[in-house]
Each structure stands twice: as structure tokens, then as C-alpha cells.
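Novice: Below are the chains, spelled out letter by letter.
Number of protein chains: 2
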Amino acid sequence: MKKLEKEQGITEKKDKNFVEWYNQVVLKAELADYGPVRGFMIIRPNAYRIWETIQKYFNNAIEALGVSNAYFPLLIPESFFKKEAEHAEGFEPELAWIEQEGKDVDEKVAIRPTSETIIYDSYAKWIRSWRDLPLRLNQWCNVLRWEVKQTKLFLRTREFLWQEGHCVYETKEECDKEVKIFLGEYQKLCHELLAIPTIAGKKTDAEKFAGALYTLTIESLMPDGKALQMGTSHNLGQDFAKGFGISFIDKGEKKALPWQSSWGFSTRLIGALIMVHGDDKGLVLPPKVAHNKIAIVPIVFKEDKENVLKKAKEIAKTLKKFNPIFDDRDNYSPGWKFNEWELKGIPLRLEIGPKDLKAKQVVLVRRDTGEKEFVKFSALEKTIPALLDIIQSDLFANANKLLDSNTVKVNTWAWFEKGVKGGKMVLAPFCCTESCEEKIKDETTATSRCISFDQKKVDGKCIKCGSKAESLVYFAKAY
Amino acid sequence: MKKLEKEQGITEKKDKNFVEWYNQVVLKAELADYGPVRGFMIIRPNAYRIWETIQKYFNNAIEALGVSNAYFPLLIPESFFKKEAEHAEGFEPELAWIEQEGKDVDEKVAIRPTSETIIYDSYAKWIRSWRDLPLRLNQWCNVLRWEVKQTKLFLRTREFLWQEGHCVYETKEECDKEVKIFLGEYQKLCHELLAIPTIAGKKTDAEKFAGALYTLTIESLMPDGKALQMGTSHNLGQDFAKGFGISFIDKGEKKALPWQSSWGFSTRLIGALIMVHGDDKGLVLPPKVAHNKIAIVPIVFKEDKENVLKKAKEIAKTLKKFNPIFDDRDNYSPGWKFNEWELKGIPLRLEIGPKDLKAKQVVLVRRDTGEKEFVKFSALEKTIPALLDIIQSDLFANANKLLDSNTVKVNTWAWFEKGVKGGKMVLAPFCCTESCEEKIKDETTATSRCISFDQKKVDGKCIKCGSKAESLVYFAKAY
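Protein chains in written order, with the working numbering: chain A, 1 to 479; chain B, 1 to 479.
Take these hints with a grain of salt, some might be off.
Note that the list lumps identical chains together, so a pair holds whenever it fits in one copy or between two copies.
In silico EDC-like pairs for lysine to aspartate or glutamate, Cα to Cα no more than 16 angstroms straight-line [stated by the list, open to error]:
#	residue 1	residue 2
1	K149	D104
2	K125	D33
3	K358	E434
4	K83	D33
5	K83	D394
6	K302	D104
7	K421	E443
8	K320	E253
9	K103	E92
10	K461	D205
11	K125	E30
12	K28	D394
13	K358	E170
14	K321	E30
15	K439	E417
16	K202	D176
17	K28	D176
18	K382	D328
19	K456	D280
20	K82	E94
21	K255	D389
22	K281	D368
23	K355	E99
24	K281	D106
25	K382	E30
26	K28	D132
27	K103	D224
28	K457	E470
29	K461	D15
Note that these hints are calculated values from the structure, not bench results.
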């Protein structure tokens with residue numbers, strides 16, 4: 001048994017070898033596995049459940065905003081990519097093409113890296129008048145980008161799952177407004193559901209989406225000091241409409257060009273969740289994300305075995321709405337079971353043994369802090385939801401503290417370098433030119449994360465070139 | 001307005017030109033559209049909603065049976081297809097390969113036509129002991145089969161959405177049992193949710209899944225006299241386990257080969273739904289499938305306009321759980337609105353005008369029968385769910401009648417030919433040899449649909465060759 005318990009757990013410390021720790025958590029908590037083709041991943045049930053929870057939460061949010069789900073084809077004709085020049089250039093190197101031999105296709109077709117082009121081809125057919133606007137569709141699907149960098153499960157894989165929203169509006173004002181609203185929904189999802197704090201802002205031109213007028217983003221900082229882009233919302237302007245021939249008859253009976261937006265987040269959010277909340281024992285799931293919120297482990301000895309099991313089962317029944325795992329497996333020790341449910345991040349453990357039975361109580365153990373609490377049977381149904389709420393908000397508060405203490409405002413290049421090297425999210429005055437951004441990237445490997453929404457007055461000089469700063473911009477090394 | 005109303009509706013009769021009628025319903029009710037690449041389809045929100053409803057229903061059902069959802073990669077290496085000979089042969093002609101140029105892959109890779117091979121490669125890694133069994137995973141995904149036959153929206157497209165379940169068991173008995181259980185879930189889904197009756201049975205060897213020991217199926221008959229396979233559940237035997245090296249240490253500490261099953265249904269169910277229930281006005285949705293169960297159309301004149309709208313809005317609020325569509329658009333006539341919601345299949349229409357307001361009532365109109373009923377405001381909340389239940393069961397009863405009256409038992413070749421030509425589901429004694437099945441197909445274009453579960457005693461002679469019949473088998477022309 002001892003040997004098993006050792007193999008079972010995480011053998012690396014999060015603050016010693018973060019990369020290895022992360023891989024162990026992903027593999028040992030059975031969240032994902034490597035696919036047979038390089039760069040591809042298998043999303044196992046423990047992680048897919050998280051994805052389903054995210055989907056449900058977000059579907060509710062966007063339905064209330066008038067968005068409908070749809071599904072567009074996987075394969076996109078080559079000519080489509082050429083209708084918006086910047087977009088084509090951005091994605092071309094990562095496309096996977098289908099072998100044309102034996103296929104009745106008029107031109108080359110590629111697997112979608114994102115679906116702007118194929119969706120807007122339909123929009124051109126469907127949109128006729130201002131009555132058809134705003135049009136707001138979303139799709140949940142797989143996309144493929146043949147990246148050459150090394151795979152990191154959930155964070156960088158050639159295929160990933162995501163949602164992509166695609167809206168069309170009569171005016172720029174409406175488009176601007178909703179681009180921000182959908183970004184706000186991403187932030188809510190991260191803060192309220194995943195308990196991950198984020199910084200919101202606008203991408204610099206160098207970092208914006210290929211083909212967009214501008215890109216809004218939410219960024220978070222991982223415990224290894226690298227920023228992770230959590231979701232982006234783009235105002236695409238009118239270039240796609242021009243490229244794909246989307247027009248509408250406006251209220252004044254004139255033909256007009258609409259404004260478009262797209263917005264997306266992906267399964268990389270699961271990677272962020274693992275990194276931000278996980279610890280040396282494995283995954284830590286915020287209660288709102290956890291499908292199984294409690295693991296019930298009866299502690300049985302020969303004496304009183306039946307009564308303990310009976311009561312434990314009874315409790316499991318009364319706690320049904322928390323989807324408890326009832327672990328009465330004979331062939332594993334309580335210690336092994338504790339390790340397993342800790343590794344898998346179940347928010348609460350409920351233990352009950354013969355002594356507890358006599359005292360009419362159970363032991364509740366918090367996954368996040370390890371704190372134990374004796375709770376009377378009669379108080380269980382009230383205590384558990386309250387405790388889950390506390391865990392949820394504690395996780396967010398802790399993650400917030402970490403982000404705050406690792407975000408620094410700097411005014412000199414020396415402090416800038418020190419900051420990004422030290423794994424900080426660095427806020428600095430910046431001229432916002434692409435050449436300056438290029439230099440910063442070359443010298444520090446840090447990239448601009450976003451132009452802060454919170455500008456106040458910017459009166460400093462650019463951190464790099466010393467010319468007049470245009471904005472306060474966040475920089476960090478990034479995934 | 002007149003012209004618009006004409007363009008808006010279905011211009012073909014279901015019983016005159018079924019093919020054209022079907023295409024018009026699909027396109028005009030905005031269920032689907034043709035994709036830019038031949039053979040591909042776009043699933044529009046009105047149909048995607050149906051798919052989501054099916055997903056939710058089925059996820060609940062299989063979760064209760066211990067099935068978890070997961071996601072496996074889109075691309076499958078060539079060598080995988082060769083590990084189970086029959087399977088490879090079955091799918092090879094329909095595979096789409098990725099261009100290898102510039103890709104760091106060791107061998108050719110294809111887009112999944114189904115995922116047995118890539119999933120079982122992982123199962124070989126994950127399964128060690130009997131403790132890991134039964135293993136029951138399901139995935140919702142897109143698959144691609146490069147068919148050469150002409151596209152029929154929902155019914156035959158090169159890419160479609162589906163679920164595929166993949167289970168592993170210790171024994172054949174367990175596998176047999178659950179293969180039947182999952183088929184039963186398909187049948188429940190069709191009968192209870194979609195209101196489509198089906199016939200359950202076993203496929204003949206000629207019609208079974210490529211690589212399976214045997215295939216169970218549910219089949220339905222469409223109004224044009226063609227059968228549609230609604231879902232299949234396969235006992236895969238042990239050949240995939242052999243091919244992919246899946247083994248487990250059994251309870252006697254010995255290495256053993258497991259038994260496997262797979263089962264799937266696809267977005268073609270939406271096609272069946274349209275065909276079975278639709279009428280000359282368009283789509284008819286069974287209430288349980290309809291997201292919006294009611295369309296509320298206030299009938300406004302200048303007088304009393306505000307009061308009517310106010311009351312209509314109030315009603316919409318109290319009926320919120322039925323997701324009513326509240327159609328107060330100014331620029332469309334009531335007639336136009338009636339047509340639109342009929343076309344889109346909304347189960348109930350609620351009308352309210354100035355006279356109704358005075359009489360404290362509304363008019364409820366059933367989409368399926370056109371029947372009108374005056375209902376007092378105070379009785380609405382009770383009447384509507386009852387009426388929706390009636391519609392649901394009436395639709396099923398009618399579809400059942402159609403299936404019954406079009407199913408015939410025959411004992412002579414003359415009647416057999418007459419039956420399948422006349423669009424019947426024909427039950428006949430059959431020798432079950434592939435050669436006889438081939439002949440029947442050549443002469444009549446009908447195929448065997450399934451060996452009936454309900455065999456009683458088979459004492460007749462094979463309908464085709466006259467030798468001793470082995471089973472009673474359903475034959476029909478099929479999609």
C-alpha cells in the first residue's frame with residue numbers, strides 16, 4: 001500500500017519545479033493525456049466536466065444577451081482566407097490542408113483555425129436589411145492551428161476546443177459597446193466561476209487579432225510569473241464585411257456596410273485553473289467548478305462497520321445536490337482515498353468513523369486549507385453550502401492577493417527589466433510603437449499584455465525609448 | 001405584403017413532392033444551409049437548439065448509467081486504421097487525409113470518421129486491472145466521411161455532429177447487456193422526446209458496423225416510405241482489444257482480453273424529426289423538443305393598442321418557463337407572424353386582441369392540428385402544460401399509426417416486391433445469407449433494416465431463395 005500511495009501523489013513541488021508539477025497534476029489527476037499525433041491532447045472526463053460547467057455558465061450568460069448557438073463546417077476553402085489580407089497572413093503558417101487527390105473539391109480546403117471567414121460567407125447570404133441586425137451567433141467547436149512550439153497540455157495544443165462568437169451590427173457604437181460587454185462576460189466567468197482574477201485592457205497593434213480593428217483582452221498572471229491570455233473580444237471593423245460582401249439596407253433605405261465583432265476563449269482556461277489554484281497535493285477545484293463537491297469516506301473497522309456504512313450512505317443521500325462521491329471501496333485504505341480525492345481537487349472531504357457515529361457528527365476537511373471541522377449530523381445541510389461559499393471566495397481572494405502583489409508600476413527601464421525577469425506583471429508608460437515593442441521583446445522576452453483600461457493621466461516617458469508615453473501598458477512574459 | 005407572405009411559406013406539398021418539400025422546410029425554417037464546400041452543411045440556431053435539447057436529454061440518461069464525457073483528437077494516424085482489418089476496409093474510401101508537406105508527422109493522418117481506433121489506443125494505456133472496468137466514455141464531436149452520394153441536409157453530409165459511446169467490460173454477458181441498454185436509451189429518446197416511433201432489432205451481417213461482432217439498431221420509417229437508421233449500438237467483441245493491445249488483470253490475477261462496445265446517433269435525427277412531423281406549413285416541433293413552446297402574437301389596432309400590448313407582455317412574463325416568443329414587431333401583419341411561427345414549428349400560438357382583452361381570454365392555436373381554443377387568463381397556467389402534453393402524445397400516436405399502417409408482414413416474393421416498392425416496412429422470413437441479401441438489393445433497392453427482436457417461431461421459407469428461413473427480418477428502401 002505504501003508504494004502505491006507514493007506513486008499516486010504529486011512528487012514535485014509547485015514552487016520548485018512548476019513545469020513538472022503542472023504536468024504531473026494534469027496527468028495524475030487524469031485531466032488530460034497526450035494524443036498519438038504530436039501536439040494533440042485527449043481531454044479526460046475530469047477536465048471535460050469542467051469544460052461542460054464552463055459551457056453551461058457561459059451559455060446562460062450569452063443567451064441573456066441575445067446570442068444563439070450554431071455550427072459551421074470544419075473545412076474552409078483556400079480562397080476564403082484571401083478575402084481579408086491581414087487575417088490570411090496571420091493564420092496561413094498554421095493551417096492544415098486536406099489532400100486533394102480523389103476529392104471532388106474545386107480548390108484546396110483547410111481545417112478551420114478560427115471561423116470568421118466561413119461564417120461571414122454565410123452572413124453575406126443571410127443579411128439583407130437592418131431588420132436582420134444585430135446578428136449574434138456563437139459556436140462551440142474544435143479548431144486546429146499547427147503550432148511548432150512544444151505542446152503544453154491545455155495551454156498550447158494544435159487542436160483545442162473553444163467558443164467563438166460572431167456578431168454583426170448596424171453601427172460602430174453598438175459594436176464597440178458589445179465588444180466590451182462580451183469581454184465583461186469573460187471577466188465574470190473567470191472571477192465568479194473559476195475564481196481567477198484578471199486584468200482587462202486593449203491589445204497594442206502588435207498583439208491584436210489578425211484582421212481586427214482592435215482587440216480587448218483579459219489577462220491573468222500564473223504562479224510562475226507568466227501572463228496568460230484568458231479571452232479576447234475583437235472589433236473587426238468593416239474589413240471582413242467588405243471582403244465577404246456583407247451589406248444591409250439601412251433604415252434610410254440605403255445600402256450600408258455593417259460592423260462586426262468576434263470573441264473567444266478556449267480550453268486553456270482549464271490550464272489556468274490548474275495553475276492558479278493547484279498545490280503540492282494536486283488539483284484544487286473552486287466549488288462552483290467542481291461537479292462532485294464532496295468526497296465521502298467512511299472510516300470502517302470491523303466493529304460497527306455496517307452502522308458506519310449505513311449512516312454514511314444516508315448522508316450521501318441527503319447531500320445529493322452536491323453530487324457526493326461515496327467511496328466505500330474495500331480494497332483501498334482511507335489514506336489512499338484521501339490522497340486520491342485531494343489529487344483530484346474535490347473541495348470537501350467528509351469522514352465518518354465509529355466514534356463520529358456515536359457523537360452524531362462527521363469530520364469535514366477543506367481541500368484548499370486542510371482545515372478540519374466537526375459538524376453535527378443535524379447541521380450538515382446548512383454548514384456545507386456555507387463552507388463551499390467560503391472556499392470559493394477564499395480561493396478568489398488568495399489569487400487576487402497573488403496578482404496584486406505581483407503587479408508593479410515602474411517608471412525606469414532598470415525596474416522594468418527587474419520586474420518582468422522576476423515574473424511580475426509590469427505596468428509602464430509606453431509609446432505604443434511596434435518598433436519599441438519589438439525591442440522590448442528581443443531584450444526581455446516580455447510582451448505587452450494590454451493597454452490598461454484605467455489610464456488616469458499618462459504624463460511619463462516611454463519606458464523604452466524615452467519619447468512621450470501614449471498609454472500605461474501591462475507587460476509580462478507570457479504563455 | 002401579399003407577395004412577401006407567399007415567398008415566406010412552403011410552396012410544395014409534403015405528399016406531392018417530398019424531396020422539394022423537405023428542402024424548403026429546412027431552408028425556410030432556417031434549420032440549415034449548404035456550406036461552401038460540397039457536401040457540408042451549416043446547422044443554424046433553430047436546429048442547433050434541437051441538438052442541444054437532444055444532448056441534454058441524452059447526457060442525463062447516460063450519466064445515470066455511469067457514462068462520462070471526454071474528448072479525443074480529431075486526427076488519427078494511418079497505422080491505427082490498420083489494426084482492425086474489417087474496420088479499416090469499411091472506412092478507408094471515405095477518409096480525408098491531411099497534406100503531409102511541412103507537417104512534423106511520422107505518418108499520414110486522417111480526420112476521424114469515427115473514433116474507435118484513437119480511443120482504444122488510449123484505453124490500452126489506461127486499463128490495467130478489473131478495477132478499471134467497466135469503462136464507459138462518450139464524446140460529442142464532429143466526424144467526417146467523404147461520401148460521394150448527393151448531399152441531403154441532416155441526412156447525408158460529409159461532416160456531421162454525433163455522439164459516440166465507447167465501453168469496455170470484463171465479460172461478454174455484461175457487454176451484451178449494456179449494448180441493449182444503450183439501444184433502449186436511443187429508443188426512449190426517439191419515442192419520448194422526438195415522438196418518433198422506431199423498430200428495434202439486430203443488423204444482418206451484411207449491414208453491421210465495420211469491425212463489430214454484431215450491431216443493434218433502431219429504425220424508423222419516413223413518410224416517403226424510406227427507412228431511416230436512427231441509432232446503432234455495437235458489440236465489438238474482442239478484435240479491437242487484440243488489435244490495440246487492450247488487456248486487464250482479472251480477479252483471478254490473470255491477464256485477460258476485455259469486451260467492447262460502441263454506440264452512436266447523429267444530427268440526422270433532426271432530419272427525421274422534420275420529415276415525420278412536418279406538414280405543408282413547415283416544421284412541427286413536439287413540445288418537449290421545442291425551446292420556445294409558445295409564440296405570443298398581440299393583435300393590435302389603433303384603439304386599445306397599449307392595453308393589449310400591456311396585457312400580452314404580462315402574460316409573456318407569467319409564461320416565462322415556456323420560453324415564449326413575444327412578437328410585437330410593428331412592421332409585420334398578424335398573418336405574416338402566424339405564418340412565420342407555423343413555419344418554424346412553435347407548438348402553440350397565443351393571440352390576444354381588444355375583444356379578448358374585454359373577455360379576459362386569449363386564443364390558443366395548436367400548431368399540429370390548427371385547433372383553436374379560447375382560454376380565460378386565469379386558466380392559462382394550467383391549460384398550457386396540459387395542452388403541450390396532449391400535443392406531444394398526439395404527435396407520437398399519429399406517427400405510430402403511420403408506422404403501423406405501413407408495416408406489413410409478407411410471405412411471398414410478389415408481396416415483398418409490392419411492399420417495398422410501395423414504401424412499406426416489410427417483415428419477411430429470410431435465410432440471412434449475404435448472397436440473398438445482395439440479390440434483394442439489386443432487384444428492389446431495398447436493404448435489410450434489422451432482424452426483429454420479436455421472432456416468435458419462424459417456420460416459413462426465405463422470401464427470396466425459398467430455403468429454410470432463419471429469422472423474420474425487416475426490409476425497406478432506406479436513406
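Novice: Next step is simple, just say for each hint if it's right about the structure.
Specialist: Against the structure, the hints:
no. : hint        : in the structure
1   : K149 x D104 : between (34 angstroms within a copy, 12 angstroms between copies)
2   : K125 x D33  : between (41 angstroms within a copy, 10 angstroms between copies)
3   : K358 x E434 : neither (71 angstroms within a copy, 69 angstroms between copies)
4   : K83 x D33   : neither (37 angstroms within a copy, 21 angstroms between copies)
5   : K83 x D394  : neither (49 angstroms within a copy, 51 angstroms between copies)
6   : K302 x D104 : neither (71 angstroms within a copy, 59 angstroms between copies)
7   : K421 x E443 : within (11 angstroms within a copy, 77 angstroms between copies)
8   : K320 x E253 : neither (59 angstroms within a copy, 36 angstroms between copies)
9   : K103 x E92  : between (22 angstroms within a copy, 13 angstroms between copies)
10  : K461 x D205 : neither (19 angstroms within a copy, 78 angstroms between copies)
11  : K125 x E30  : between (45 angstroms within a copy, 12 angstroms between copies)
12  : K28 x D394  : neither (25 angstroms within a copy, 52 angstroms between copies)
13  : K358 x E170 : neither (70 angstroms within a copy, 40 angstroms between copies)
14  : K321 x E30  : neither (24 angstroms within a copy, 38 angstroms between copies)
15  : K439 x E417 : within (12 angstroms within a copy, 80 angstroms between copies)
16  : K202 x D176 : within (12 angstroms within a copy, 57 angstroms between copies)
17  : K28 x D176  : neither (44 angstroms within a copy, 32 angstroms between copies)
18  : K382 x D328 : neither (24 angstroms within a copy, 46 angstroms between copies)
19  : K456 x D280 : neither (40 angstroms within a copy, 63 angstroms between copies)
20  : K82 x E94   : within (15 angstroms within a copy, 29 angstroms between copies)
21  : K255 x D389 : neither (53 angstroms within a copy, 47 angstroms between copies)
22  : K281 x D368 : within (10 angstroms within a copy, 58 angstroms between copies)
23  : K355 x E99  : neither (68 angstroms within a copy, 66 angstroms between copies)
24  : K281 x D106 : neither (55 angstroms within a copy, 37 angstroms between copies)
25  : K382 x E30  : neither (32 angstroms within a copy, 48 angstroms between copies)
26  : K28 x D132  : between (50 angstroms within a copy, 15 angstroms between copies)
27  : K103 x D224 : neither (47 angstroms within a copy, 31 angstroms between copies)
28  : K457 x E470 : within (10 angstroms within a copy, 88 angstroms between copies)
29  : K461 x D15  : neither (36 angstroms within a copy, 77 angstroms between copies)
Hints 3, 4, 5, 6, 8, 10, 12, 13, 14, 17, 18, 19, 21, 23, 24, 25, 27, 29 from the list above are not met by this structure, while the remaining hints are.
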